[in-house]
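Colleague: Each chain is listed here by its residues.
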Amino acid sequence: MRTKIIVFIVLCAGMGNAFAMPKIQHWQAASGARVFFVENHDLPMLDVAVNFAAGNAFDDGDKPGVAGLSNGLLSAGAKGLSEDEIGRKLADIGAEMGSNFDADRSGLSIRTLSNAEQRDAALHVLAQVLQQPLFPDAILQREKTRLIAALKESETKPGSIASKVFDKAVFGTHPYGRTLEVEDVEKIQRADLVAFYQKHYGAHSAIVALMGDITRAQAEAIAQQLTVNLPAGGANTHIAPVTMAILPSEQRIAHPASQSHILIGAPGISRTDADYVALYVGNYILGGGGFVSRLMDEVREKRGLAYSVYSYFIPMQQPGAFQIGLQTKKAQADEALKLVRATLRKFVEKGVTKKELQAAKNNIINGFALRIDSNKKIIGYLSMIGFYDLPLSYLDDFVAKVNKMTVAQVNDALKRHIHPDAMATVIVGAPEEKK
Amino acid sequence: MLLSSLSVHAEVFEKTLANGLKVIVKEDHRAPVAVQQVWYRAGSIDERVGKTGVAHALEHMMFKGTKAVPAGDFSKQIAAAGGRENAFTTADYTAYFQRLHKSKLPLAMKLESDRMQNLQLAPAEFKKEIQVIMEERRMRTDDSPHALMYETLMATAYQEHPYHHPVIGWMSDLLLMKASDAQDWYKTWYAPNNAVLVVAGDVQAKAVFALAQRYYGKIPKHHLPSRRVFVEPAQYGIKRITVKAPAQLAQLIMAYHAPSLRNAEKDSVPYALEVLAGVLDGNSSARLNKSLVREQQVASEVGAGYGSTARGPSMFIFEGTPSEGKTVADLETAIREQVAKLVRDGISADELRRVKAQVTADEVYKRDSVFYQAMQIGQLESVGLGYQAIPVMLKKIQEVTAQQVQDAARNILKDDELTVAVLDPQPLSDKPKHVGGPVHAY
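So the sequences go chain by chain: X and Y. Each residue of the first sequence is one higher than the last, beginning at 12 in this note's numbering. Each residue of the second sequence is one higher than the last, beginning at 16 in this note's numbering.
Worth flagging that the hints you see were computed from the coordinates, not collected in a lab. Predicted, not measured: the structure shown is a model, and the values here were computed from it. Possibly wrong hints are sitting among the right ones.
Said to hold, decoys possible - Where chain X lies over chain Y, by a calculated footprint (3+ residues, C-beta under 8 Å):
1) 137-147
2) 323-335
3) 368-378
Note that the Cβ used here is the ideal one computed from N, Cα and C, for glycine as well.
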């Protein structure tokens, strides 16, 4: 007993000094945008990301694809800057502009050297594309053609086919299950993009994250510069609730590939769910923990049935999917599927063991420093904390909650959120039915 | 910028242990983390006909247990320490890495040094793992039209050089591979005098050297076989291949034989080719995307690439997807026009300046990743250039002239050095089960 107490104290003392959480500064800009900033002068560079509640869940039901093309065309030309000039001005200073887009979020980011010359030039471009995009019609036509080509291509890929069918099976008519078809893209007009932008890119839904070699005063000025001329919209940031209970289903789709692509799952949890941490820990044990998870052990290590097998929750504004995935050669697809189902069932029924929970805690807590060891990773957390309205102490809280988690809490959460009897299964490249 | 890159270089420390293990430490105190990488100078380039894929198979087996650390325990111990770990095999080398809190570095060294000499390679474990590897091949190559096309391209462009063979191995070789093949490979190449240990992060070089001596110092060196240097026979005209696979869109790859960097100080062509790749596809205003995707709209995707660092020769590669209504022939013509224009008119001063600005900025961005900094050191050591080449290469890139780029385009991008691969997309219905790939015996 004494040994244990000593170990515990040593561990705590060790962890206390193990890593410093980034000090997040937060304020609201005069424009209304919410700003999240970490000041750090170790490297002469700056990362900035601006996100909006403008992902594809905000598409009108009869106009899917508009949200995605709006994001894609922000950098296709802005007031005073052609598409070429945007590219050239960034290339002149070695700056990199990127975009991110999912069902909830649409964002642009930039990485630049922090010298005034490069920084000002980079931020000028970002400010223009965010606030004065032109959505040129000729470029929209070109991008529609490219998007249609990509859609047709993805319809031949077993992994893409599986995802599409799976999302439909899990989310039905909810925006998270909405798929994009060629006919949808063909219908999209420039006016749709302009209207979408006006409605969803308002300063009040904007989250500005800044990380790097600038002062607080500079960060305040930059956040305002990037958002002061945004349109008036952005009021509607809510996505409709997901129907949580689904009926069990199994779809088998033929494909000439040598492997079957298998997906199993159901609606999972939202980013703000009270059980988020318990399920994060639980899923680490099931299929999130790389080489040491139960799925990996049963499917790959013990039987050599697959190279890749995993499970995860996709926490979104509304509950995103809980999903298990693997690929295996057709002849053994049914065997692997049966094994995965049995593993999941046992996992939920019997729960995690004390030993497994301790191993998960050790990994998550001892390795936490790795999650915040670069500007790139930290700005990712800033955007997430801001976008999902999480407390500024989110990172500290996460570690503390993991630390306190009990076997009973994890197992209770698993039972309430994972229902192996009510899941969608999709098999693309399914083995031939025995007749 | 040159000053700062030199100061970065100054934080690298090196020591070679008596058994030949080279230890390189890159101190970076931004976060309390450390990365350990062990690089073995053994990749698929060292394999022989009939045994392809053995370098990669051994990489998998390295997680399958020693006497002291049974199968699966390596990963469990690293995971419990909060670490992330994996390994990768390329044509030129095989590397193993762990990222962890700096206090856990001794554990990583203990485990990694143990499997440098004590691997058990049980046939029962091998039998399962070779199945996993075949699944990996199906996933990454057989069911990926692009990978299948690239594999066929390499096997065509290189007739004799071992780059002819895929790193993961031909399926027919995997089917016949035995634990004893992996054992032979391990015995031949896994030795301290064929390895480089790179540690980067919030560590003190002196302390790392002491740890390295403690954990790796007693492993005996052993004799390494002499390495055959292959010289690819001359090519006598364009080679063309077609790969059929289930897909909607056609694809095109054009690969020109090109030299790699042998002497960082004296060579010049590889630097000119690096700049050329940058002008074509290195930044947001680069030529290929601007001309072929945005203006001519002959491609929906297009890119170019060249890697100067390799143990063997290199290639300068163009690849792309024709846009709707255009053919691979149209795309090839458009790319050839770009090449002809480079040879005729060279590049502008602005284009040259932009590529150099990107290189300068990337040097700063790179320091945001401890892992990548260690990667660069390990890679340059493994291909024989040495980490000291890093600042030299930066300096030489900044010295490249527009004339050198034009000369390199003229001398390297020649038809007689070219292999063209085309993906001929097949509709999903009525298709044979395996297309273009090796025959699978199941």
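Colleague: Evaluate each hint against the coordinates.
Modeller: Structure-based check of each hint:
With a cut-off of 8 Å between beta carbons, the region 137-147 of chain Y has 6 residues touching chain X; three or more are needed, and the interface restraint holds. Interface restraint, the region 323-335 of chain Y with chain X: violated (0 residues with C-beta to C-beta distance below 8 Å; minimum three). Requiring three or more residues with a Cβ within less than 8 Å of a Cβ of chain X, the coverage given for the region 368-378 of chain Y holds, as 8 such residues are present.
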